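Following the hints, put chain B in place on chain A, whose structure we already have.
The primary structure of each chain is shown beneath.
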Amino acid sequence: MTPTPAATEDPKRLAEFEARIARGDTIEPKDWMPEKYRRQLIRMMSQHAHSEVVGMLPEGNWITRAPSLRRKMSLLAKVQDEAGHGLYIYCGAETLGVDRHELVSQLLNGTAKYASIFNYPTLTWADIGAIGWLVDGAAIVNQTMLAKASYGPYARAMVRICKEENFHKRQGFEIMSLLSAGTPEQRAMAQDALDRWWWPSLMMFGPHDKDSPNSGELLRWGIKQKGNDELRQRFVNLTVGQAKAINLTIPDPKLRHDAETGNWAFGEIDWDEFWRVVKGDGQCNRERLTARRKAHADGAWVREAAEAHAAKRARLESVA
Amino acid sequence: MTKKKQPEPAETGATEHQLWEVFTQPGGGKPFEHAGSVHAPDAEMALQNARDVYARRGEAVNLWVVPSSAIVASTPEDIGPFFDPGNDKPYRHPQFYKVPRGIKV
Chain A
2 MTPTPAATED PKRLAEFEAR IARGDTIEPK DWMPEKYRRQ LIRMMSQHAH
52 SEVVGMLPEG NWITRAPSLR RKMSLLAKVQ DEAGHGLYIY CGAETLGVDR
102 HELVSQLLNG TAKYASIFNY PTLTWADIGA IGWLVDGAAI VNQTMLAKAS
152 YGPYARAMVR ICKEENFHKR QGFEIMSLLS AGTPEQRAMA QDALDRWWWP
202 SLMMFGPHDK DSPNSGELLR WGIKQKGNDE LRQRFVNLTV GQAKAINLTI
252 PDPKLRHDAE TGNWAFGEID WDEFWRVVKG DGQCNRERLT ARRKAHADGA
302 WVREAAEAHA AKRARLESVA
Chain B
44 MTKKKQPEPA ETGATEHQLW EVFTQPGGGK PFEHAGSVHA PDAEMALQNA
94 RDVYARRGEA VNLWVVPSSA IVASTPEDIG PFFDPGNDKP YRHPQFYKVP
144 RGIKV
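Chains as they are written, first to last, in the numbering used here: chain A, 2 to 321; chain B, 44 to 148.
Treat each hint with caution, since some may be false.
Here are the computed distance ranges between Cβ atoms for each label pair [what the hints assert, rightly or not]:
#, chain 1, residue 1, chain 2, residue 2, range
1, A, R171, B, G70, 23 to 33 Å
2, B, D131, A, S106, 44 to 54 Å
3, A, D273, B, G70, 45 to 55 Å
4, A, D212, B, S112, 38 to 48 Å
5, A, R39, B, D95, 22 to 32 Å
6, B, A116, A, H102, 22 to 32 Å
7, A, D212, B, I114, 34 to 44 Å
8, A, G25, B, D131, 23 to 33 Å
9, A, L109, B, F126, 40 to 50 Å
10, A, A78, B, A116, 31 to 41 Å
11, A, H310, B, F75, 42 to 52 Å
12, B, T118, A, A84, 41 to 51 Å
Over the 12 Å line for every Cβ pair with chain B, so calculated as not near, a few chain A residues [claimed, not checked]:
#, residue
13, M45
14, A148
15, L220
16, A246
17, C285
18, A307
In short, the hints are calculated from the structure, not lab data.
Just so you know, these numbers come straight off a predicted model, no measurement behind them.
Virtual Cβ for every residue (Gly too), placed ideally from N, Cα, C.
Chain A extracted, bound-state conformation (with noise of 0.2 Å):
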């Protein structure tokens, strides 16, 4: 290993820290912690709440196409959620000392990541099942394993956010399972659905933890517990019994079950393809901070009216 930025540290009190995440002790915003363990959280709190956030753009592109009332309640409810978990964490990242407004700014010039995965097109309305069944299942299992993260506030933020995930999973499965037992053209829209998000959903976890630049000073330092292979393993057993259940088959022909591990081998992900879309050439990414810039903008006059009401509230109050 390289030597990392930590040892320029004040090496007692790095010891110490280690010595409290060893122990499983969590840390609060006002506690020491090295400049590193501070960056990473906020480079990887801003991405997860920058993740929420342009997550309601693929979905909400559905909501009023929604095939029934029912459906269309849910998925409103579900975009809620979404705006409601970026808040959760851009409000933890803030107890880092970084402003949300500079968070945002990151985000919408373009120098901020999320999740690569909302960078692919929702095509039919079987890609909003995909989407809750697939992408919030994975997000359930990483999200997981967040909650027991190092930094209480980005935990606490996980807590809270798992609970509601579950709405979004059973909600996408029950699209799936009722397109596939549906008309033969309900049942390909599901296959079809499925055959398109399925390896994005296993690159949500990440390149190989050989291969990830952060895995190694995330994981000793307690913010992930688990390495992006380990979690990606486990999505995928979660997933295989859930697929055969509905009948719709996983397309993957490397897909066998290893009786030696109890796991379900796969098939190597297209890294090329990862990489591509990571570095800004998916297919959705422009259109995604274009329309991201644009609701910004569009919002300005909601904010400014507040602002503006807020004030003359205030002057009334000063004069009675």
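Quick look at chain B alone, frame taken from chain A:
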């Protein structure tokens, strides 16, 4: 325009509203607990935002919002001396007192 330049709308909208800490009471009779924070330009909107963010599923029967700047907190360095007086007063605890065997007090 010769008028003194007013801040452009985009500029006024480019700052965050004030930060408020949110406390929720999860049920009647329960103590309030810290839930997180929200941004809002005044107390009334802070309360509405807190409801939308932290009480979408009946998680709270009451809400408090407090300007974050008004919170006064102990510091981690206090942990020893600040809380220390409690440690050498075992007579504050019921186990300190001896009761004859077989009697419930």
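Subject >> Structure versus earlier hints - violations, ascending order >> reply: 11, 12, 18
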